[in-house]
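Residue numbers (this note's numbering), protein chains in the order written: chain S, 1 to 657; chain V, 1 to 166.
Calculated from the structure, these hints are not laboratory results. Since the structure is predicted, the reported quantities are computational estimates derived from the model, not experimental observations. Just so you know, even glycine gets a beta-carbon here, dropped at the ideal spot from N, CA and C. Hints are supplied without guarantee of correctness; some may be wrong.
As the list claims (entries may be wrong) - Partial list, derived from the structure: chain V residues whose beta carbon lies under 7 Å from chain S:
hint : residue
1    : 22
2    : 26
3    : 44
4    : 71
5    : 73
6    : 100
7    : 122
8    : 124
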Amino acid sequence: MAGEIGHFSLILALAFALVGASLPHIGALRGDNRLMALADRAVLAQFLMAVVAFAALTYAFVTSDFSVMNVAANSHSLKPMLYKISGVWGNHEGSLLFWVLILTLFGALVSWRGKKLPLRFRSRVLAVQSLLVFGFLCFILFTSNPFLRLDPAPLEGTGLNPLLQDPGLAFHPPMLYLGYVGLSIAFSFAVAALLEGEVTPLWARWVRPWALLAWVFLTGGIALGSWWAYYELGWGGWWFWDPVENASFMPWLAATALLHSAIVVEKRDALKSWTILLAIIAFSFSLLGTFLVRSGVITSVHAFATDPARGIFILAFLALVIGGSMALYAWRAPRLSPGGLFGVVSRESGLVLNNIFLSTFAAVVLVGTLYPLFVEAAGAGQITVGPPFFEYAAAVLMSPLIVALGFGPLLAWKRGKLSRAAQIVFPALVVALVAGTVLVWRTTGGYVMTAFGLGLAVWLITSVLLEIAGRIKLWQAPGKALGGLAKITRAQWGMSLAHAGLGVILLGITVSEAFTDEQLLVMAPGDTASVAGYDFTFDGVAPVAGPNFSAVRGFFQVSEEGAFLTTLTPEDRVYTNPAMNTTEAAIYPLFAGDLYAVIGEATGTGRWSVRLYFKPFISGLWLGALMMMIGGILSLSDRRLRIGMPTGKRSKVGRAV
Amino acid sequence: MSGLNKGLKTRKQQRLLVVSAAVTTLVGAVLLVLFALGGDSLSLFLQPSDVKEKQISAGQHFRLGGLVEAGSFSRDADGLTYRFSVTDCAATLPVQFKGLLPDLFREGQGVVTEGELNADGVFVASTVLAKHDENYNPPGTLPKSADQCVHPENSPYEANQSQVGG
Numbered sequence: 001m002a003g004e005i006g007h008f009s010l011i012l013a014l015a016f017a018l019v020g021a022s023l024p025h026i027g028a029l030r031g032d033n034r035l036m037a038l039a040d041r042a043v044l045a046q047f048l049m050a051v052v053a054f055a056a057l058t059y060a061f062v063t064s065d066f067s068v069m070n071v072a073a074n075s076h077s078l079k080p081m082l083y084k085i086s087g088v089w090g091n092h093e094g095s096l097l098f099w100v101l102i103l104t105l106f107g108a109l110v111s112w113r114g115k116k117l118p119l120r121f122r123s124r125v126l127a128v129q130s131l132l133v134f135g136f137l138c139f140i141l142f143t144s145n146p147f148l149r150l151d152p153a154p155l156e157g158t159g160l161n162p163l164l165q166d167p168g169l170a171f172h173p174p175m176l177y178l179g180y181v182g183l184s185i186a187f188s189f190a191v192a193a194l195l196e197g198e199v200t201p202l203w204a205r206w207v208r209p210w211a212l213l214a215w216v217f218l219t220g221g222i223a224l225g226s227w228w229a230y231y232e233l234g235w236g237g238w239w240f241w242d243p244v245e246n247a248s249f250m251p252w253l254a255a256t257a258l259l260h261s262a263i264v265v266e267k268r269d270a271l272k273s274w275t276i277l278l279a280i281i282a283f284s285f286s287l288l289g290t291f292l293v294r295s296g297v298i299t300s301v302h303a304f305a306t307d308p309a310r311g312i313f314i315l316a317f318l319a320l321v322i323g324g325s326m327a328l329y330a331w332r333a334p335r336l337s338p339g340g341l342f343g344v345v346s347r348e349s350g351l352v353l354n355n356i357f358l359s360t361f362a363a364v365v366l367v368g369t370l371y372p373l374f375v376e377a378a379g380a381g382q383i384t385v386g387p388p389f390f391e392y393a394a395a396v397l398m399s400p401l402i403v404a405l406g407f408g409p410l411l412a413w414k415r416g417k418l419s420r421a422a423q424i425v426f427p428a429l430v431v432a433l434v435a436g437t438v439l440v441w442r443t444t445g446g447y448v449m450t451a452f453g454l455g456l457a458v459w460l461i462t463s464v465l466l467e468i469a470g471r472i473k474l475w476q477a478p479g480k481a482l483g484g485l486a487k488i489t490r491a492q493w494g495m496s497l498a499h500a501g502l503g504v505i506l507l508g509i510t511v512s513e514a515f516t517d518e519q520l521l522v523m524a525p526g527d528t529a530s531v532a533g534y535d536f537t538f539d540g541v542a543p544v545a546g547p548n549f550s551a552v553r554g555f556f557q558v559s560e561e562g563a564f565l566t567t568l569t570p571e572d573r574v575y576t577n578p579a580m581n582t583t584e585a586a587i588y589p590l591f592a593g594d595l596y597a598v599i600g601e602a603t604g605t606g607r608w609s610v611r612l613y614f615k616p617f618i619s620g621l622w623l624g625a626l627m628m629m630i631g632g633i634l635s636l637s638d639r640r641l642r643i644g645m646p647t648g649k650r651s652k653v654g655r656a657v
Numbered sequence: 001m002s003g004l005n006k007g008l009k010t011r012k013q014q015r016l017l018v019v020s021a022a023v024t025t026l027v028g029a030v031l032l033v034l035f036a037l038g039g040d041s042l043s044l045f046l047q048p049s050d051v052k053e054k055q056i057s058a059g060q061h062f063r064l065g066g067l068v069e070a071g072s073f074s075r076d077a078d079g080l081t082y083r084f085s086v087t088d089c090a091a092t093l094p095v096q097f098k099g100l101l102p103d104l105f106r107e108g109q110g111v112v113t114e115g116e117l118n119a120d121g122v123f124v125a126s127t128v129l130a131k132h133d134e135n136y137n138p139p140g141t142l143p144k145s146a147d148q149c150v151h152p153e154n155s156p157y158e159a160n161q162s163q164v165g166g
């Protein structure tokens with residue numbers, strides 16, 4: 001019964017989406033307030049229907065109703081409850097339903113909190129959002145219906161891929177989707193602004209929180225996925241420049257650029273046309289990501305079950321959305337009134353520079369990701385673009401960005417002085433140079449690139465600290481510094497924290513890449529291996545039984561200079577449904593780095609193949625990502641920025657133009 | 001700095017500046033892409049019959065995709081070096097890999113390996129990538145003459161057994 005209710009509510013939602021996507025536009029053309037106000041109700045109705053459909057599918061998963069094909073294919077009655085629930089979005093059909101749920105939720109939020117937006121503009125935004133909902137619902141109903149029945153119903157389900165039965169991965173897709181879909185709001189606002197032919201600072205005050213929210217979720221989703229790969233795949237790697245990873249990284253880059261350029265629109269009423277374009281591009285990257293992941297056009301190690309019909313549908317949808325919005329942009333953007341002027345050295349210029357580098361990087365990643373597709377289409381055989389390409393591009397494009405990042409926040413709006421900024425951050429340059437030089441000297445010139453990366457990271461972190469110190473006048477009036485600290489707004493704390501987070505990530509990457517100690521060994525019980533000064537003593541193995549797996553658990557006593565640190569217990573699990581092996585790495589984070597052990601197979605005569613690592617400061621990656629997220633949330637919680645807070649008043653800075 | 005003192009530039013000059021900065025970066029990026037795509041970062045993605053056809057020489061880095069041939073899996077005495085054959089059902093190539101195999105590695109399943117041929121014509125893999133989902137074959141690993149293969153994926157349990165036994 002639940003399946004039919006879910007199916008039916010999806011069809012109703014489709015009807016509401018069609019109403020919501022068409023009538024408000026007609027209302028806006030005719031100036032009919034009642035038609036425009038329909039948008040609010042249509043969006044709310046879509047949301048309610050999506051909730052019912054999602055609840056129905058969740059119910060089918062929780063009760064293990066195997067007459068629903070999707071449940072039979074992706075669940076199993078013995079699976080722990082957490083993974084029964086995460087199984088709802090852990091598959092193609094369910095994840096699309098989840099996508100629609102978020103899409104309608106965000107639409108409903110805009111309608112609920114956006115009563116202060118002019119009715120005409122709000123109805124335009126909601127109508128564009130409804131159109132997206134309509135597209136995705138068509139996709140679900142025609143190619144990927146999660147409510148199809150099986151007759152006869154199987155007695156037991158196939159089970160969920162054991163690799164995906166993991167807390168990290170249970171929340172990775174929803175986070176990413178919240179990010180992807182959050183960008184849809186920025187997109188809808190951009191298209192609505194193009195239709196209305198007007199971009200105001202108020203527009204930016206609306207778009208920026210959404211871009212920021214999407215960015216926080218994207219950051220979290222990417223970090224979770226990376227963390228999952230790090231501990232679950234047992235290779236000790238965390239990023240592979242795989243097309244599917246790039247698919248989430250490109251929207252992140254675009255969202256980062258967007259939330260910076262929206263500041264310029266908000267504060268200085270400049271860069272309007274570019275920000276609109278960026279909002280369109282950011283969401284297009286989200287759709288492209290979905291297309292790459294769901295269509296299987298590109299060889300990826302992250303394989304998802306795919307279907308050509310779905311690929312063609314998403315491609316057509318992609319072409320319509322991107323083509324349509326770009327055409328609209330080309331037609332309407334020239335009508336936007338030109339914005340304020342700024343000097344060559346100014347905060348605006350810094351943000352423009354940020355945007356140039358981030359978008360160029362996104363473009364390069366796009367080229368690298370799609371290049372194999374073009375080569376293959378041209379009949380030149382199959383090729384892959386490997387990590388060196390992306391790493392090279394990242395180094396070349398991100399280094400100047402990070403150098404500029406040290407100066408940017410110190411420059412004044414409209415007209416800044418480089419000399420003043422240079423004076424403040426000069427100590428950071430010294431510290432960075434010293435750090436780099438010491439490393440080169442200590443390693444007798446062996447790690448020049450590492451020294452460079454280390455220098456950049458130190459430069460960024462120090463200059464963020466110096467910026468805060470300068471803001472509270474720590475040097476001029478140390479006595480009043482604490483009071484100054486309290487005066488810093490949350491948005492400013494957010495910015496500093498996020499920027500420092502980037503530095504911490506860079507530090508983690510640089511140090512762990514250069515100084516990881518890795519040993520691949522065959523060990524017998526009682527053997528001791530030394531990894532980066534830590535002694536791993538193998539204490540043998542024991543069998544373990546889990547709810548739906550059995551495992552071999554290895555025991556490693558780790559000590560440093562005779563002092564016992566911890567026992568690492570990596571596992572090699574064999575799941576029963578579906579039958580599959582997974583490796584559970586054992587990780588013990590120390591301040592200096594992670595101890596990491598993986599147990600392989602028995603090699604006969606009681607010996608086991610094992611892989612032991614010491615990964616210095618790798619936690620910097622997750623710590624930095626966490627700092628970025630907290631920074632974003634702090635900034636969001638700033639009263640001036642809170643979603644729905646903007647009032648009709650134009651900001652005073654905006655009027656100063 | 002004199003430009004600063006004179007005040008702000010005109011709108012046209014400002015646009016020119018921004019656009020030229022963007023164009024410079026973009027041109028730089030294009031050069032970078034061309035340069036980098038010409039180097040080591042590009043690797044061919046081949047199946048065993050392509051390797052034979054194109055007469056790939058020893059030492060050239062490429063990715064090899066195909067199915068792990070049933071019954072080909074063995075381990076050297078050191079316990080860390082694995083040998084198996086990758087097949088596209090038209091040709092077969094012996095592969096050697098030192099390390100821990102990924103979780104989803106098993107006979108009869110699709111696999112992507114990266115490395116180079118040695119002088120004996122054995123593909124020495126530096127990485128072995130298996131896929132995340134047992135229901136899916138990456139495009140590059142689907143055999144070209146699949147009808148000639150007995151596809152063991154229909155009985156994953158047996159395939160798994162043979163790997164544990166092998």
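Contradicted hints - numbers only = Hints 4, 5, 7 and 8 are the ones this structure does not satisfy, whereas the remaining hints hold.
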